[in-house]
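Visitor: Now for the letters of each chain:
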Amino acid sequence: MLKKFFRHSKGEGNDCSRVCCTKLENFTVKVGKLTIFEDVNIHAHCGQLTAVIGPNGAGKSTLLRAILGEVSHTGSLKYTDAKGKHSGKPVIGYVPQYLKFDVSAPVTVLDLFSVCRSSRPAWLFPSNIRHEVEESLKRVKAVELIDRRLGALSGGELQRVLLALALNPMPDILLLDEPVSGVDQNGLEIFYNILEDLQNNEDMTIILISHDLNMVAKHADQVVLMNKGVVCSGTPQEVFSDHRTRKIFGMLAEGGANRGGTGFVWVEHQPKKHQAGCGCPDCAPKEGEE
Amino acid sequence: MMEWLEYDFMKNAFLAILLITPLFGLLSTMVVSNRMAFFSDSLGHGAFTGLAIGAVVGIVSPMESLILFSVVFALLITWIKNKSSASTDTIIGVFSSTGIAVGLMMMSYGGGFNKFSSYLIGDILSITHEELISLLVVLVLVFTAWGFIFNKLLVLSINQSFARSRGINVMLVESIFAAMVAVVVAISIQWVGLLIINSLLVLPAAAARNVSNSVKQYHAVSIGSAMISGLSGLMLAYEFNMAAGATIVVIAALIFFITMALKPYFVR
Numbered sequence: 015m016l017k018k019f020f021r022h023s024k025g026e027g028n029d030c031s032r033v034c035c036t037k038l039e040n041f042t043v044k045v046g047k048l049t050i051f052e053d054v055n056i057h058a059h060c061g062q063l064t065a066v067i068g069p070n071g072a073g074k075s076t077l078l079r080a081i082l083g084e085v086s087h088t089g090s091l092k093y094t095d096a097k098g099k100h101s102g103k104p105v106i107g108y109v110p111q112y113l114k115f116d117v118s119a120p121v122t123v124l125d126l127f128s129v130c131r132s133s134r135p136a137w138l139f140p141s142n143i144r145h146e147v148e149e150s151l152k153r154v155k156a157v158e159l160i161d162r163r164l165g166a167l168s169g170g171e172l173q174r175v176l177l178a179l180a181l182n183p184m185p186d187i188l189l190l191d192e193p194v195s196g197v198d199q200n201g202l203e204i205f206y207n208i209l210e211d212l213q214n215n216e217d218m219t220i221i222l223i224s225h226d227l228n229m230v231a232k233h234a235d236q237v238v239l240m241n242k243g244v245v246c247s248g249t250p251q252e253v254f255s256d257h258r259t260r261k262i263f264g265m266l267a268e269g270g271a272n273r274g275g276t277g278f279v280w281v282e283h284q285p286k287k288h289q290a291g292c293g294c295p296d297c298a299p300k301e302g303e304e
Numbered sequence: 031m032m033e034w035l036e037y038d039f040m041k042n043a044f045l046a047i048l049l050i051t052p053l054f055g056l057l058s059t060m061v062v063s064n065r066m067a068f069f070s071d072s073l074g075h076g077a078f079t080g081l082a083i084g085a086v087v088g089i090v091s092p093m094e095s096l097i098l099f100s101v102v103f104a105l106l107i108t109w110i111k112n113k114s115s116a117s118t119d120t121i122i123g124v125f126s127s128t129g130i131a132v133g134l135m136m137m138s139y140g141g142g143f144n145k146f147s148s149y150l151i152g153d154i155l156s157i158t159h160e161e162l163i164s165l166l167v168v169l170v171l172v173f174t175a176w177g178f179i180f181n182k183l184l185v186l187s188i189n190q191s192f193a194r195s196r197g198i199n200v201m202l203v204e205s206i207f208a209a210m211v212a213v214v215v216a217i218s219i220q221w222v223g224l225l226i227i228n229s230l231l232v233l234p235a236a237a238a239r240n241v242s243n244s245v246k247q248y249h250a251v252s253i254g255s256a257m258i259s260g261l262s263g264l265m266l267a268y269e270f271n272m273a274a275g276a277t278i279v280v281i282a283a284l285i286f287f288i289t290m291a292l293k294p295y296f297v298r
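Taken in order, these protein sequences are the chains called A and B. Per the working numbering, the very first residue in the first sequence carries number 15; after that it's consecutive. Per the working numbering, the very first residue in the second sequence carries number 31; after that it's consecutive.
Keep in mind that the hints are not guaranteed to be accurate.
As the list claims (entries may be wrong) - Pairs of lysine-lysine residues, derived as BS3-like cross-links and limited to a Cα-Cα distance of at most 25 Å, are as follows:
#, chain 1, residue 1, chain 2, residue 2
1, A, Lys44, B, Lys113
2, A, Lys114, B, Lys145
3, B, Lys293, A, Lys47
4, B, Lys246, B, Lys293
5, A, Lys103, A, Lys92
6, A, Lys155, A, Lys114
7, B, Lys111, A, Lys44
8, A, Lys47, B, Lys111
To be verified - A few chain A positions that, by computed beta-carbon distances, are all more than 12 Å from chain B:
#, residue
9, Asn207
10, Glu216
11, Lys242
As the list claims (entries may be wrong) - Chain B side only, calculated, beta carbon under 7 Å to chain A, not exhaustive:
#, residue
12, Asn181
13, Asn189
14, Ser244
Derived from the structure by calculation, the hints contain no laboratory data. Ideal placement from N, C-alpha and C gives every residue a C-beta, glycine not left out.
Just need the whole structure built from these sequences, with the hints factored in.
Guide: Laid out in structure tokens, this is it:
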């Protein structure tokens with residue numbers, strides 16, 4: 015109790031009231047008798063990118079859908095701010111796999127933003143947020159796409175638009191579900207550059223599902239290997255040198271590790287400190303503090 | 031050319047078309063975008079049971095029973111669809127066939143099926159003044175509701191998880207939309223006819239998708255093509271003494287094929 019009080023006064027003057035720690039404890043999802051994953055414990059920090067890797071069917075996407083509240087789960091999902099206090103519902107930004115996005119309908123990028131951001135019926139009135147949308151799209155270098163139909167965008171373009179949308183309003187937690195699978199190399203680089211920019215300049219929690227282990231090694235602060243539960247987690251270096259990772263990914267991880275400097279470059283990327291001094295006060299889960 | 035408007039029943043039918051077709055054009059956009067064509071079809075089948083129950087129970091009028099039952103039927107499908115892991119079309123198929131079978135069973139009891147057969151084809155010429163006014167009320171209500179619900183429905187149609195992340199109550203929005211479609215189907219079934227009512231919920235938007243690039247165009251073309259096929263269908267049906275509902279659907283289908291051919295010239 016006293017501890018919390020001190021932290022409280024220490025944090026004064028900083029904007030530390032935002033969600034900072036996302037804690038999943040004994041997180042389990044079952045559909046009927048089928049266990050999708052069980053006893054997942056993940057602690058994602060703000061200002062960091064937590065990458066979730068694992069084979070197909072490991073339960074990665076379901077994990078995100080459970081965090082969104084679309085799938086029911088057991089175990090707890092807690093959000094605390096930098097002072098260790100429980101915070102309210104965080105703003106969540108979500109970028110789905112672009113292949114699962116229905117782009118056949120006659121909807122422009124501006125339409126999509128309008129229906130998400132404004133209560134004014136988009137089918138009847140002209141949009142009143144065009145300027146805001148342009149600003150949003152500038153961030154992902156996609157202003158020129160504003161009047162394009164969703165179906166006319168390339169995979170990379172659509173993912174940038176969806177990312178811009180997920181960042182409007184600026185979320186506390188950004189969930190990315192294989193955002194760039196099937197996107198070409200050029201689109202991939204732009205996307206990860208934007209992510210890096212977010213990591214450096216915004217104090218948000220990013221949870222990324224990816225099959226691109228090289229990119230994960232390069233950009234993640236924390237890696238969680240899932241296979242119907244958490245197999246291992248830690249820094250990219252820890253996870254990628256773990257024998258269980260090699261066992262699951264076989265040649266992939268092995269090959270990467272053997273390439274030495276040209277493969278994973280985790281050494282260069284140090285987990286960064288939080289912005290504005292808003293760290294998680296109780297990073298190590300403590301019993302009896304809740 | 032307009033001498034047919036001298037007849038009262040034609041004047042009423044004309045007004046009815048002016049009220050019904052914008053409704054179908056509007057709802058059609060999201061029926062198609064949400065891939066609910068099969069769902070709206072099953073509503074027509076469920077309506078059969080609603081009618082039969084109304085006729086058997088006799089406390090309420092067939093119309094009231096029909097509307098009530100259709101809404102319950104629609105909400106039930108939506109609810110089970112969201113709870114069950116079985117595929118949507120299987121669940122709808124189960125409901126659809128149960129709805130029509132129970133309805134037919136009850137109607138045919140004692141050999142009294144004939145008095146219901148008018149619901150199969152529908153008769154727009156039989157519409158009365160009072161019914162026109164209730165149609166107008168429904169039209170105003172549905173368009174007003176559309177002002178509130180459309181944005182959410184569109185997000186939902188694109189990706190459900192994404193809608194959830196934007197704080198949209200998926201089940202609630204789906205249920206309201208399902209109930210709206212159910213009411214419109216229930217009130218128009220006696221004029222349009224059960225056999226073809228679903229085509230009016232699919233064809234206008236299907237045609238509009240071929241030639242539109244934005245949400246506004248989509249709505250304008252869908253409502254426009256529904257009204258054009260409605261009015262021209264009614265006139266042709268009068269000229270050549272054919273069933274109005276069927277003629278309207280044939281014209282709507284023609285418009286669909288024309289827009290399909292024109293697609294490359296319109297869609298960017």
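Visitor: Taking the hints in turn, state whether each one holds.
Guide: For each hint, the structure was consulted:
Simply put, lysine 44(A) and lysine 113(B) have alpha-carbon atoms about 14 Å apart, close enough for the 25 Å limit, and the pair holds. With a C-alpha separation of about 48 Å, the suggested pair lysine 114(A) and lysine 145(B) falls outside the 25 Å cut-off, and the hint is violated. Pair hint lysine 293(B) plus lysine 47(A) does not hold up; C-alpha atoms about 48 Å apart against a cutoff of 25 Å. For the suggested pair lysine 246(B) and lysine 293(B), the alpha carbons sit about 17 Å apart, so the restraint of at most 25 Å is met.
Pair hint lysine 103(A) plus lysine 92(A) holds up; C-alpha atoms about 10 Å apart against a cutoff of 25 Å. Annotation: proposed proximity of lysine 155(A) to lysine 114(A) holds, straight-line Cα distance about 23 Å (limit 25 Å). A distance of roughly 18 Å separates the Cα atoms of lysine 111(B) and lysine 44(A); the hinted pair therefore holds under the 25 Å criterion. Taken as a hint, the lysine 47(A) and lysine 111(B) pair is honoured in the structure, with Cα atoms around 19 Å apart against an allowance of 25 Å.
Distance to chain B confirms asparagine 207(A) as a non-interface residue, since its nearest Cβ pair spans about 23 Å, more than 12 Å. Remark: the non-interface label on glutamate 216(A) is consistent with the geometry, its nearest Cβ contact in chain B lying 17 Å away (cut-off 12 Å). Once the 12 Å rule is applied to beta carbons, lysine 242(A) is consistent with being away from chain B; the minimum gap is 18 Å. Interface hint status for asparagine 181(B): upheld, as the beta-carbon distance to the closest one in chain A is roughly 4 Å, under 7 Å.
At a threshold of 7 Å, the smallest CB-CB gap from asparagine 189(B) to chain A is about 5 Å, leaving the interface hint in force. The beta carbon of serine 244(B) comes within 5 Å of a beta carbon in chain A, closer than 7 Å, and the hint placing it at the interface holds.
Violated hints, listed in ascending order, are 2, 3; each of the other numbered hints is respected by the structure.
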